[in-house]
Amino acid sequence: MIALTPLIKRPIAFGAVAGLGVGTVGLWLESLWIAAVYHYPWPVGMWGEALAMAVPVAVLMGMCGALFGMVLTGQRLPGRAAGISVVVVTVLVIGGAVANGLHIVVPRQNNAAITLTDLPAAPGQRMVSADVQLQPSDMVGRHPEWVTILSWQGRMENNRGLQIDELEQVGPGHYRSTRPLPVWGTWKTLLRVQDGYTMTAVPIYEPADEAIPAPEVPALPAMNRPFVQEITILQRERDQNAPVWLFTAGSIVVLFMTLMVIAGLTWGAGRLGNAVTEPEPVEDKQPAPRAA
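For what it's worth, numbering that gives the first Met the number 0 labels the leading residue of the sequence shown as 0, then goes sequentially.
Quick caveat, the hints were computed from the structure, so don't treat them as lab data. Everything numeric in this text was worked out from a predicted model, so none of it was measured.
Under the rule of at most 20 Å between Cα atoms (straight-line distance), these lysine to any residue pairs were calculated in the SDA-like manner:
{"id": "1", "residue 1": "Lys8", "residue 2": "Thr72"}
{"id": "2", "residue 1": "Lys8", "residue 2": "Gly68"}
{"id": "3", "residue 1": "Lys8", "residue 2": "Gly20"}
{"id": "4", "residue 1": "Lys8", "residue 2": "Leu19"}
{"id": "5", "residue 1": "Lys8", "residue 2": "Gln74"}
{"id": "6", "residue 1": "Lys8", "residue 2": "Arg75"}
{"id": "7", "residue 1": "Lys8", "residue 2": "Gly272"}
{"id": "8", "residue 1": "Lys8", "residue 2": "Pro77"}
{"id": "9", "residue 1": "Lys8", "residue 2": "Ala81"}
{"id": "10", "residue 1": "Lys8", "residue 2": "Leu76"}
{"id": "11", "residue 1": "Lys8", "residue 2": "Gly78"}
{"id": "12", "residue 1": "Lys8", "residue 2": "Gly73"}
{"id": "13", "residue 1": "Lys8", "residue 2": "Phe67"}
{"id": "14", "residue 1": "Lys8", "residue 2": "Leu71"}
{"id": "15", "residue 1": "Lys8", "residue 2": "Met60"}
My request is simple: use the sequences and hints to build the entire structure.
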């Protein structure tokens with residue numbers, strides 16, 4: 000629709016406005032898809048931060064796309080300084096958004112007191128309800144992204160191996176389950192909490208795994224367990240003793256290669272842009288008068 004407006008004749012402005020549409024309307028349309036097919040819909044509380052991250056990135060990427068399109072179609076760029084400035088600012092904004100998304104707080108000093116009550120279950124199975132008290136009770140705000148119990152890698156009678164229970168809040172930091180929870184066989188069950196930058200978990204039940212190897216984490220009737228980084232539960236087989244420098248070095252290599260690609264595209268586009276010349280005016284050539 001934006002392409003039907005006069006902005007189409009101003010590529011950079013067109014790219015910025017189109018990016019704004021992607022960062023707002025596009026993000027809203029994406030939320031509808033997430034709510035329809037994903038297990039964790041986007042809560043209302045995340046929209047402020049989501050827009051603050053998405054809109055600047057989308058606008059600047061639209062401008063970069065417009066500059067690249069101008070080069071490919073043989074249009075003269077507005078100026079070398081302006082083009083480089085747009086690219087540099089875009090890289091910095093994307094880097095800030097990525098860093099913000101990767102920033103996670105794990106409150107290892109906090110615990111969860113969990114009480115399990117056995118429920119009727121088929122022979123060989125164990126289904127429970129859970130009463131959860133966060134310690135301290137103000138660990139999360141009034142509107143956390145989620146406080147759930149996730150169970151996966153098992154099998155129910157409907158052959159589903161994934162179950163997510165959105166806990167019901169009954170008091171300050173006090174929650175209880177709304178459906179039976181599997182804590183038997185190959186099931187893995189954990190408490191998941193996300194509130195802003197806080198993203199953490201507590202294991203409730205994990206079977207022994209000789210291949211890793213890892214001992215069983217039993218589902219006790221009453222337990223008080225500390226919060227940990229949830230990847231240590233979700234990716235139990237991951238070697239947590241791997242040196243930190245290895246991950247850091249790998250990330251630096253990926254970052255360097257990414258910046259090299261961006262720099263190469265920018266340099267090449269700049270050379271092509273500088274090679275574009277203004278079209279020469281067409282002169283009407285009148286035939287020379289013949290001598291009498």
